[in-house]
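Given the coordinates of chain Y, assemble chain U onto it according to the supplied hints.
Order-wise, the sequence lines are chains Y and U.
Once you know that position 115 of the first sequence is 111 in the numbering used here, the rest is easy, because the numbers rise by one and skip nothing.
Basically the numbering used here = 1-based index in the second sequence + 2.
Hints in this document: simulated from the structure, not taken from any laboratory.
None of the values given here were measured: they were computed from a predicted structure.
It is possible that some hints are incorrect.
[What the hints assert, rightly or not] Result set (DSS-like, lysine-lysine): computed pairs, CA atoms no more than 27 Å apart in a straight line:
#1 U:K56 <-> Y:K60
#2 Y:K37 <-> U:K5
#3 Y:K37 <-> U:K54
[Unchecked claim] Covered stretches of chain U, going by a simulated chain Y footprint (3 or more residues, C-beta under 8 Å):
#4 47 to 56
#5 98 to 104
We put the beta carbon where it would ideally sit given N, CA and C, even for glycine.
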Amino acid sequence: GAVVSQHPSWVICKSGTSVKIECRSLDFQATTMFWYRQFPKQSLMLMATSNEGSKATYEQGVEKDKFLINHASLTLSTLTVTSAHPEDSSFYICSAREVWDSRNEQFFGPGTRLTVL
Amino acid sequence: LAKTTQPISMDSYEGQEVNITCSHNNIATNDYITWYQQFPSQGPRFIIQGYKTKVKNEVASLFIPADRKSSTLSLPRVSLSDTAVYYCLVGGQAGTALIFGKGTTLSVSS
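Chain Y on its own, in the form it takes in the complex (with noise of 0.2 Å):
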């Protein structure tokens, strides 16, 4: 159980262009999602926080126009990476609260590797 999908796995962009990148619980209901971000060999950086029918809460630093979050539902939630340049390449992870979560336990989804050319 508590199965989070990433769509798609990969893609390559020309500079400019616009790129969605979903992301689903497969088997429970999601409240709460979360983005990161994660570039070679460091960390994972926290992007946004998404609560199902609101808008999302951006870090600081993150451009809440660039980065499209829609949370539409308890099981999907969509970032759109809007007039993608070479410096957002990277990869790309959400992970999902259940609805009734009790301890803080996130799923991870498999991540999503952008490239931008």
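For chain U alone, coordinates are given in the frame of chain Y:
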């Protein structure tokens, strides 16, 4: 800022027991301690979680002293496939994200 401090790297040989200690001096009363494992180009994988004393599962043990200011992940008889980055995280409040520190890169050799 990450709430934890771990060694940057550790080396071991196959078959040995590996203990990774994490410091979390400012742990809050309602914080749990969770350890994740991450392989390159994969999402973090849950290893074990605890609140106090000792927790054990099929892959690891977690030792937490009474003051909870540190914790030790114990991996029995590691193999080459245990080469990965191990993250210690603390957190507890509903709806809050886990904040990752630098993690410990464990290298297991034959």
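- Contradicted hints - numbers only: Violated hints: 1, 3; rest satisfied.
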